[in-house]
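Respectively, the protein sequence lines represent chains C and A.
Going left to right, the first sequence walks through residues 1 to 120 as my numbering numbers them.
Going left to right, the second sequence walks through residues 1 to 112 as my numbering numbers them.
Treat the hints as calculated values from the structure; they're not laboratory data.
Warning: the hint list may mix true and false statements.
[Said to hold, decoys possible] Keeping only pairs whose Cα atoms sit at most 25 Å apart, straight-line, the calculated DSS-like set for lysine-lysine is:
#	chain 1	residue 1	chain 2	residue 2
1	C	K106	A	K69
2	C	K106	A	K49
3	A	K58	C	K106
4	C	K106	C	K57
5	A	K77	C	K15
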Amino acid sequence: GAGVSQSPSNKVTEKGKDVELRCDPISGHTALYWYRQSLGQGLEFLIYFQGNSAPDKSGLPSDRFSAERTGGSVSTLTIQRTQQEDSAVYLCASSFDRGAGGGEAKNIQYFGAGTRLSVL
Amino acid sequence: AQSVAQPEDQVNVAEGNPLTVKCTYSVSGNPYLFWYVQYPNRGLQFLLKYITGDNLVKGSYGFEAEFNKSQTSFHLKKPSALVSDSALYFCAVRSYGQNFVFGPGTRLSVLP
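Given these sequences and hints, build the entire structure.
Right, dumping it as structure tokens:
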């Protein structure tokens, strides 16, 4: 696609329920990132996928959070037993970092519009 | 470890005046430096980057940034601010093979 696509754009859930957030990166991008952003605040790094390497999960706040990236493309962020403090905008980004080519776009993160999660 | 500081939470500037949004960084190895802008209820948009070459980098919407290795800074500048430049600005750094690290963000308000 033309850009990074995230779905749903908005998600309202009840405390204790599980949610899945989806990210479709730009085709051919080797790296994919998940961030969390509370209202008007900075970015909190969650997880980073780079090609076939083991993901960097160092930012995941608890074991209720997990993510996978299937076939090196689409990624799903899963939050189990949601809590009110999980309410935030979840942003996904992708980039082309490794290997030859890429031109001026290399190393630039391209962000999706985000998923706004509200836990009631 | 990599880190980014944006010392100002908020910058206010009058329309037509020059603006500067500050960023300093710490990284081992050669830095890749980036500026992103976030308009209300939008995702982050790339403005400009420094990888190598000229220290003065020009980007989108008339913005530029100067890489200063000795001061480990990468301040964002624009000669004449517009009200439409009001947004949240993020500086980011990475070195080769490492993850991106974002600064806490600076809110820019351009007053008419």
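Structure-based check of all given hints:
1. C:K106 to A:K69: Holds, at about 22 Å.
2. C:K106 to A:K49: holds (10 Å)
3. A:K58 to C:K106: Holds: K58 (chain A) and K106 (chain C) sit about 17 Å apart, inside 25 Å.
4. C:K106 to C:K57: holds (23 Å)
5. A:K77 to C:K15: violated (44 Å)
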